[in-house]
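Chains A and B, in that order, are what the protein sequence lines are.
Counted the way UniProt numbering counts, the first sequence spans residues 1 to 378.
Counted the way UniProt numbering counts, the second sequence spans residues 1 to 378.
Mixed in with the good hints there might be a few duds.
The list treats identical chains as one, so a pair stands whether inside a single copy or across any two.
The calculated DSS-like cross-link candidates involving lysine-lysine, where the alpha carbons are at most 30 Å apart (straight line), are [stated by the list, open to error]:
#	residue 1	residue 2
1	LYS290	LYS176
2	LYS317	LYS162
3	LYS176	LYS317
4	LYS109	LYS253
5	LYS176	LYS372
6	LYS372	LYS253
7	LYS162	LYS45
8	LYS317	LYS253
The hints are simulated quantities; they were obtained by calculation from the structure and are not laboratory data.
2 protein chains.
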Amino acid sequence: MTDTPDFSFDLLATDGAARRGRVVTGRGPIDTPAFMPVGTAGTVKGMLPEQVAATGAQILLGNAYHLMLRPGAERVAEFGGLHRFMNWDGPILTDSGGYQVLSLTDLRKLDENGVTFRSHIDGSYWEMTPESSVEIQRLLDADITMVFDECPPYPCEEDEAKRSLDLTLRWAERSKAAFENRPGYGLFGIVQGGVHDHLREESARRLVEMGFHGYAVGGLAVGEPAAERNHTLEVTTPVLPTDRPRYLMGVGKPVDLVDAVERGIDMFDCVLPTRSGRRGLAFTWGGDLKLTNARFRDDHEPLDPNSSCPASRDYSKGYLHHLFRSGELLGWVLLTWHNLHFYQELMAAMRAAVEEGRFADFAAAFRERQAKPKQAGA
Amino acid sequence: MTDTPDFSFDLLATDGAARRGRVVTGRGPIDTPAFMPVGTAGTVKGMLPEQVAATGAQILLGNAYHLMLRPGAERVAEFGGLHRFMNWDGPILTDSGGYQVLSLTDLRKLDENGVTFRSHIDGSYWEMTPESSVEIQRLLDADITMVFDECPPYPCEEDEAKRSLDLTLRWAERSKAAFENRPGYGLFGIVQGGVHDHLREESARRLVEMGFHGYAVGGLAVGEPAAERNHTLEVTTPVLPTDRPRYLMGVGKPVDLVDAVERGIDMFDCVLPTRSGRRGLAFTWGGDLKLTNARFRDDHEPLDPNSSCPASRDYSKGYLHHLFRSGELLGWVLLTWHNLHFYQELMAAMRAAVEEGRFADFAAAFRERQAKPKQAGA
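Could you put the whole structure together from the sequences, leaning on the hints where they help?
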């Protein structure tokens with residue numbers, strides 16, 4: 001492992017606040033802006049890893065909470081880590097589990113030390129702390145470990161947001177102390193603070209003082225209006241160092257990604273392309289299409305005849321409509337695949353737009369095309 | 001279309017009653033013994049057509065009943081036929097729908113003309129006759145059309161079996177009259193007669209007198225013991241011409257296929273590899289494995305490290321166990337794929353055994369290996 005590169009970030013180009021960069025990990029590079037498909041329980045639902053890779057995805061997201069409960073972090077370690085377990089060679093970022101255990105509102109108890117909670121699978125008692133979360137992520141062999149944080153709900157009063165932020169910062173310190181530095185691996189801090197500008201600034205500043213390999217913006221994608229999210233990004237990203245990647249957690253729709261890249265974000269994860277795919281919703285350059293709608297029944301055209309993705313190119317919308325109407329598995333597979341490919345196409349287009357200094361034009365044209373189908377109705 | 005070959009069957013080798021042959025269709029050859037994956041509603045559940053083709057499958061089975069109801073045979077025709085609709089270039093055989101509509105015991109009425117029934121999807125009334133079934137299959141562009149038949153239940157008294165057989169023969173005559181002969185396309189008759197030897201012989205003889213491109217053995221795989229099924233094959237296949245393919249409908253488990261090839265059968269279809277795959281059952285050379293069983297939780301080995309099938313080779317049994325325990329789509333996909341590949345491997349092994357004149361040894365060794373895991377328990 002002597003030639004494993006250090007975890008790092010190269011900023012290759014900027015255009016306004018938008019950035020084109022490359023994260024270097026021990027398992028390969030991640031071109032940014034990057035979208036990470038979600039593989040919660042050790043699988044991107046319905047997709048073969050080689051299909052995910054063929055979409056252009058360079059990194060997946062896994063989840064410490066789900067994998068800790070089943071099959072168990074130690075078991076995954078015995079299988080050689082999450083990469084070997086799920087047959088994915090590229091880098092993996094793992095969620096710390098904080099968001100998930102704190103979502104178990106009836107089943108959990110939070111204190112300074114961490115969270116005790118009951119498994120959603122079998123009701124068994126568990127404890128999760130900054131130290132145990134980092135250890136679980138080490139057992140999973142995550143290339144990017146996330147600090148254990150508290151993610152307050154939206155809306156959140158300022159004093160509650162401040163209390164939560166302070167706890168998250170103490171947990172970030174403990175997470176960092178627990179994290180074992182190894183070449184090629186990184187630890188990301190998480191900015192909190194609700195939608196209170198000075199709390200976001202304080203959170204970001206104090207995290208940067210601690211020093212992390214990358215910085216996530218957490219506590220968004222929890223129901224806030226897009227304008228509040230965008231404003232929060234505008235006050236947060238300027239506080240973050242330019243030489244570290246910035247990851248907006250849990251966002252979002254295609255236009256949300258464009259909004260966030262425009263405000264200096266480099267990395268994303270979201271269940272939308274996969275979950276929506278299983279529900280019959282296709283994301284396209286021309287906007288969203290609900291393929292279960294009767295208007296697609298006799299549509300002989302594929303989602304994108306020029307795509308390199310078989311799911312987008314080789315099956316008519318009428319056939320996809322038939323699969324969803326018939327409850328056929330292949331519909332879920334094809335539309336998940338199409339959506340993941342579209343998200344990667346979008347990221348590639350944004351990278352090119354930044355490189356070529358035309359991001360604002362790209363973003364304006366993209367928003368206009370995305371808005372059209374909603375006006376036309378569905 | 002001037003160079004489309006006539007539908008034909010070449011008998012390439014025999015070993016006892018077992019046959020190695022090749023069906024020629026307008027959309028390519030089918031090496032026999034052949035297994036046809038079931039694609040009831042225009043999709044082999046959970047599988048991409050290219051994955052199915054990569055298993056070695058040369059022909060799929062579709063279903064006139066299901067496709068007639070949804071999306072509709074005329075609609076499929078407007079999409080360019082079932083092949084273009086579902087993105088499968090090879091030959092397709094379609095079930096006539098007889099078996100399905102007659103399974104709707106509470107919803108159907110049978111008379112000389114045909115069957116009136118209510119759709120299992122929306123309760124709408126439909127009529128199906130030998131003529132309409134053949135027309136539906138023509139609209140689907142089936143390479144092999146099946147005559148519309150009545151499939152009696154098991155057990156069935158002799159007089160009832162005789163009545164049903166006579167009706168099926170009259171329907172076969174009408175199906176043949178309705179079938180449009182075209183180069184590369186074939187029509188198969190269906191032998192019925194329950195497990196009554198002289199009725200099977202009579203049914204086969206009278207069908208052969210009418211003349212079809214191939215002959216199916218129907219009315220089995222309906223709950224009869226394997227010994228009765230095998231005996232019925234032994235009295236039936238000698239009546240059938242050697243220069244036409246013989247198709248055993250709806251069978252079966254791996255050992256059932258070996259039993260039937262040993263008795264002169266060339267073609268099969270069955271939902272077992274796909275349906276069992278979705279239920280966590282893997283067919284292997286060493287017998288069946290129920291992957292949901294806890295004994296696979298820490299099994300780091302794949303189903304078959306030497307397989308050319310990614311599903312069999314690239315994922316541990318422990319990972320498959322995890323996917324099934326977690327209700328993950330990918331488990332259904334991978335095990336369906338593995339099972340379809342195993343079935344094709346089995347057919348290829350039987351073809352080689354016939355060619356090399358060692359089918360009896362192959363069959364004996366196969367049965368012994370298949371029986372072992374059941375003795376060991378699971």
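Against the structure, the hints:
Proximity of LYS290 to LYS176 under the C-alpha cut-off of 30 Å is found in neither arrangement, the shortest distances being 44 Å within a copy and 43 Å between copies. Taking the closest pair of Cα atoms, LYS317 and LYS162 never come within 30 Å of each other, the shortest separation being 49 Å inside a single copy and 47 Å across copies. In this assembly of identical chains, LYS176 and LYS317 lie within 30 Å of each other by CA distance neither inside one copy nor across copies; the values are 49 Å within and 36 Å between. When the C-alpha separation of LYS109 and LYS253 is checked against a cutoff of 30 Å, the pair qualifies neither within a copy, at 32 Å, nor between copies, at 52 Å.
Taking identical chains as interchangeable, the C-alpha atoms of LYS176 and LYS372 are never at most 30 Å apart, the minima being 46 Å within one chain and 53 Å between chains. In this assembly of identical chains, the alpha carbons of LYS372 and LYS253 lie at most 30 Å apart only when taken from the same copy (15 Å versus 53 Å across copies). Within a single copy, LYS162 and LYS45 get their C-alpha atoms no closer than 37 Å, and across copies no closer than 51 Å, so neither meets the 30 Å cut-off. Taking the closest pair of Cα atoms, LYS317 and LYS253 come within 30 Å of each other only inside a single copy of the chain (21 Å); across copies the shortest separation is 36 Å, beyond that limit.
In this structure, the hints that do not hold are numbers 1, 2, 3, 4, 5 and 7, in rising order.
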